[in-house]
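Trainee: Sequence order for the protein chains is E and G. All residue numbers for the first sequence refer to my numbering, where the first residue is 259 and numbers rise by one. All residue numbers for the second sequence refer to my numbering, where the first residue is 1229 and numbers rise by one.
Calculated directly from the structure, the hints in this document are not laboratory data. The C-beta atom is built at its ideal place from N, Cα and C for all residues, glycine as well. Honestly, I wouldn't trust all of these hints.
Claimed, not checked - Covered by chain G, according to a simulated footprint, are these stretches of chain E (three or more residues, beta-carbon under 8 Å):
hint, region
1, 291-304
2, 430-441
What the hints assert, rightly or not - What follows is a set of in silico ranges between Cβ atoms, one per label pair, in the way DEER data are often shown:
hint, chain 1, residue 1, chain 2, residue 2, range
3, G, 1246, E, 568, 44 to 50 Å
4, G, 1281, E, 352, 45 to 51 Å
5, G, 1245, E, 461, 43 to 49 Å
6, G, 1265, E, 580, 55 to 61 Å
7, G, 1275, E, 323, 43 to 49 Å
8, E, 460, G, 1331, 53 to 59 Å
9, G, 1232, E, 574, 52 to 58 Å
10, G, 1318, E, 397, 39 to 45 Å
11, E, 457, G, 1232, 55 to 61 Å
12, G, 1315, E, 545, 48 to 54 Å
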Amino acid sequence: MSQALPTFLEQIRCLPELLPRLVEAIEPRARQVLTTPDIYGIRQIVLTGSGDSYIAAESAASALRTWTGLPVQALKAMDAARYLTQGIKTHSERLRGTLVVCVSHSGEAARVVEAAQRTRAAGAQTLALTAHPDSRLGRAAANVLALAVPDAGAVPGTSSYCASLLGLYLLGIRLAEVRLCISMDTANALRSALTQLQAPMAHAIGICEEPLMARAQAWAHCRVADILGSGPSGGAAAYSAAKLIEATGIHAVSQDIEEFFHLNYFVADPTEVATLVFAGAGSAGSSRARELCRTLQDLGRPFLLLTDDATFGPPEHSLVLPVVPEWLSPLLAVIPATLLAALWADRIGADYFRGHSGRWRASQSGALVRGSTIEPLLKEE
Amino acid sequence: MNTYQLATDRNGLFDITPQVLAALQESGITEGLLLVSIPHTTAAVTVVSHWDPLGLEDIDDEIRRLVPTRVDFKHQADTPQDAAGHVKAAIVGHSRMFCVDKGELVLGSSQKIFFWEFDGPRHRTFHTQVIGK
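Same shape as in the complex, but just chain E (with noise of 0.2 Å):
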């Protein structure tokens, strides 16, 4: 067992412990940090992020989507940045009307703070979700609503991610309570859903474990994954990707399942892509997800489908996990996810990061991200 190991399943194992803790310090900033007027002026709202905190965004839009009733589309913080405000100059106004939610936990992340000031510069309502409010997005946003997540040592983000996925529900819960789609009845309880994933995560934990480190020992010799999901589990198997990436350092890449047919149906050598599905046996993509299990043994993919339902899927491709809304499905994921990156960092002896040396060394205390030229929005002549 290597060194590292040990702290990153304390991590994952401290989770449920630490999900109400931070839904209770949470949600009393997320019901003031925008005033009832400024909720009521909203038309559109876009979530933005790199990494982790662009994954929160995408797994969290649906729900805020459903909740609010609004446009919500999650957007790459370079899209965001740069491209949202293309041609805008600065007072314009082409942007009111939209809130811009800028989640990155250091609040340092040069693309998402440059997102915070060129949408801010342009009307846009602006709103940081950061452990870090005096952070440089902190300063550049409007308002803050603060993420209180202890420190995790170095090991790929997991309580940082869950933090912020619980930020973008909190806050699409009460957006959509003041403007009046859901009672306030109803918002007590999708609060409470979020506080109550605690016992299904802990169960997850126990169920996890021991099939993921048969996976794990099973699949050491590939070098390339897919990891596969839609909707909610589309932000769900990014986030499992980039854990993928982050500890084992082989090249994981997410699509949604609907896509996967397009396109990576069509990598050679099937039997070397190790490919991991997360599907509810009840989400909206189900149907889909059936076929994909049947496309996946006929390639002769090695896989695993993290569903809910043990009839589902091919029992011996299954991994059953707790039944739980499909909205929650990416924060219970964060388990398989965070386990198998972990079990298969290890198995194969990798450095989390590459230990940001040799060729890595670059990106030492997030240089290579928070380090990037900042471009201002153009002034108006």
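Position chain G against the provided structure of chain E, taking the given hints into account.
Mentor: Frame of chain E, contents of chain G only:
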């Protein structure tokens, strides 16, 4: 004291007279007073004529006209409907007392007792207490 649960599916008036009459009958009291109490700050209790359902809508329409749901209430901890509901409930009141005579609740032929929801749909509670002999 008797406690009743009520799941409101909207804002407006909900007839609770049957529950109140049952509470009186159960108490066995023939002379005295009966109190209906609402333990909420965004709901109230009132007495209204029950003959025309549109009259109930008129009453709810008028309280909405008097206290519109606005976004600029100072109380922003919950929702604009909640803030307006606090004002409406304070105006209408959270309890009503009724006379009990010869084992009967003293109500006029047009009168019914209504739970008035200002922040629905919600899961609600109301209480009755009968005092007398």
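Trainee: Taking the hints in turn, state whether each one holds.
Mentor: A quick look at each hint next to the structure:
1. 291-304: holds (count 5)
2. 430-441: holds (count 4)
3. G/1246 with E/568: 44 to 50 Å: Holds: the Cβ-Cβ distance is about 48 Å, inside 44 to 50 Å.
4. G/1281 with E/352: 45 to 51 Å: holds, 49 Å
5. G/1245 with E/461: 43 to 49 Å: holds, 48 Å
6. G/1265 with E/580: 55 to 61 Å: violated, 42 Å
7. G/1275 with E/323: 43 to 49 Å: holds, 44 Å
8. E/460 with G/1331: 53 to 59 Å: With Cβ atoms ~57 Å apart, the hint holds.
9. G/1232 with E/574: 52 to 58 Å: Since the Cβ atoms of residue 1232 of chain G and residue 574 of chain E sit about 54 Å apart, the hinted range of 52 to 58 Å holds.
10. G/1318 with E/397: 39 to 45 Å: Since the Cβ atoms of residue 1318 of chain G and residue 397 of chain E sit about 42 Å apart, the hinted range of 39 to 45 Å holds.
11. E/457 with G/1232: 55 to 61 Å: Between residue 457 of chain E and residue 1232 of chain G, where Cβ atoms are some 32 Å apart, the hint is violated.
12. G/1315 with E/545: 48 to 54 Å: holds, 50 Å
Going through the hint list in order, the structure does not satisfy hints 6, 11.
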